[in-house]
Amino acid sequence: MLVSVYRYNPEVDDAPYMQDVHIDIPGGKDIMVLDLLQLLKEKDSTMAYRRSCREGVCGSDGMNMNGKNGLACITPLSEVVENDKLVLRPLPGLPVIRDLVVDMTQFYKQYEKIKPFLINDTPAPAIERLQSPEERAELDGLYECILCACCSTSCPSFWWNPDKFVGPSGLLQAYRFLADSRDTATNERLAELDDPFSVFRCHGIMNCVNVCPKGLNPTKAIGKIRNMLIQQAT
Amino acid sequence: MVTSITSFGRSGLYDWMMQRVTALVLLTYTVFMIGYLLFNPDLGYEQWKELFSGTAMRIYTLLAILSMVAHAWIGMWSVSTDYIKATGARFVFQSACGLLAFIYVVWGVQILWGI
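Read top to bottom, the protein sequences are chains A and B. With full-length UniProt numbering, the residue at position 32 of the first sequence is 32, and numbering never jumps. With full-length UniProt numbering, the residue at position 110 of the second sequence is 110, and numbering never jumps.
Hints listed in this document are in silico derivations from the structure and should not be mistaken for laboratory results. There may be inaccurate statements among the hints.
Stated by the list, open to error - Partial list, derived from the structure: chain A residues whose beta carbon lies under 8 Å from chain B:
(1) 164
(2) 192
(3) 194
Source: prediction; values computed, not measured. Don't be surprised by glycine CBs; every beta carbon is placed ideally from N, CA and C.
Extracted from the complex, chain A is given alone in its bound form (with noise of 0.2 Å):
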C-alpha cells in the first residue's frame, strides 16, 4: 500500500513536504498505523513520531490519518486506510517540531489555565474527603481524558485562538473540577471562564466528539459549563 508521510526536520529542510512509501505489508494483517510507522522507520531510521504504551493509555502517537485525528496505536489499517491510500501528518495547528512531532505548549498551557487539580480550603478530614457513589459517577466521561490532543487540534475556534481559547480538552477538565463535589472553588472557576473567548468560542460543531479516541463528549461538558455559568448570573 501506499503511505504518503508529512517530513519535516528543521536542520535539513527548507520546507515540509510530503514523502511517499510503498510499504507491503507482513501477511495481509489488520495492524495498527503505529504498526506501520515501525514498518517505516525500519526503512527510514530517520522518521519521527511520538509513540509509548502502545495502547492508547499514554496519549503520545496522536496524529491525523487520511484527515482524522486519531491515536494510531489503536486505530487499525482497516479503519483509516482508503484505496490502499494512508495519508500521516502531524496533529494540524501545533508548530511542528520535527516529521509527526508537534509542540503541545499551547495546549498545556490551556490545560494549565484551568487549574487541573482539587481546590478545597476546608480543613482536610484524618483520612480522606469521601463522595458518595453518585458523586462519583457526576466524573465519569470526564476523568478518563488521556491529553493527546486529538481533540483540540480538530477544532476549529483553537486553530484560530490557541491563545485564547481553552478548547475542547482543557473545558472537559475544567468541567470535571466544576463536577467535583470535593472542589470548593466553583465559583472562582466559572469567574475565570466568563469572557468571550475561554468557553464562548465553542460553536457546538462537535468535531472534538467526532474525533476523541476515548469516546468522550467535551461538548457536552462545554455546554454544562454554560449551564452552570447561567445559573450563577442574575
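Chain A is already provided as a structure; the job is to place chain B on it using the hints.
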C-alpha cells in the same frame, strides 16, 4: 480570563445570551413577514403603508432592527477575531461594521417614522 474591550457585552455569557434572544426576535419577525406576504398575494402600496403606520408594527420593526444590529455585531466580532490577526486591520473591519450598523439603525428609524 481573557480580557476584551471590543466585544458586545464584555462577557462571553452576556454575548451568548444576547445572540440567542436576538435570534428569537429575528426568527419571529421573519416568520411574521413571510406569513404576511403569503397571505396577502395582491399586496399593494396602501396596504403596505397601513401595516407600517401602526405603532405596534413600528415598535416590532425597530426591535427587529436593533436585534439585527446586536446579533450582527456579536457575529462579525467573532468572525473578525477568528480570521483577522493584525490588530489594525481588525479594528478597521470592526469600525466599518459598527458604522454600518449605526447607519442601518438611523436609516431604519427614518424610514419607519417617515411613512
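Tell me, in ascending order, the numbers of any earlier hints that this structure violates.
-> none
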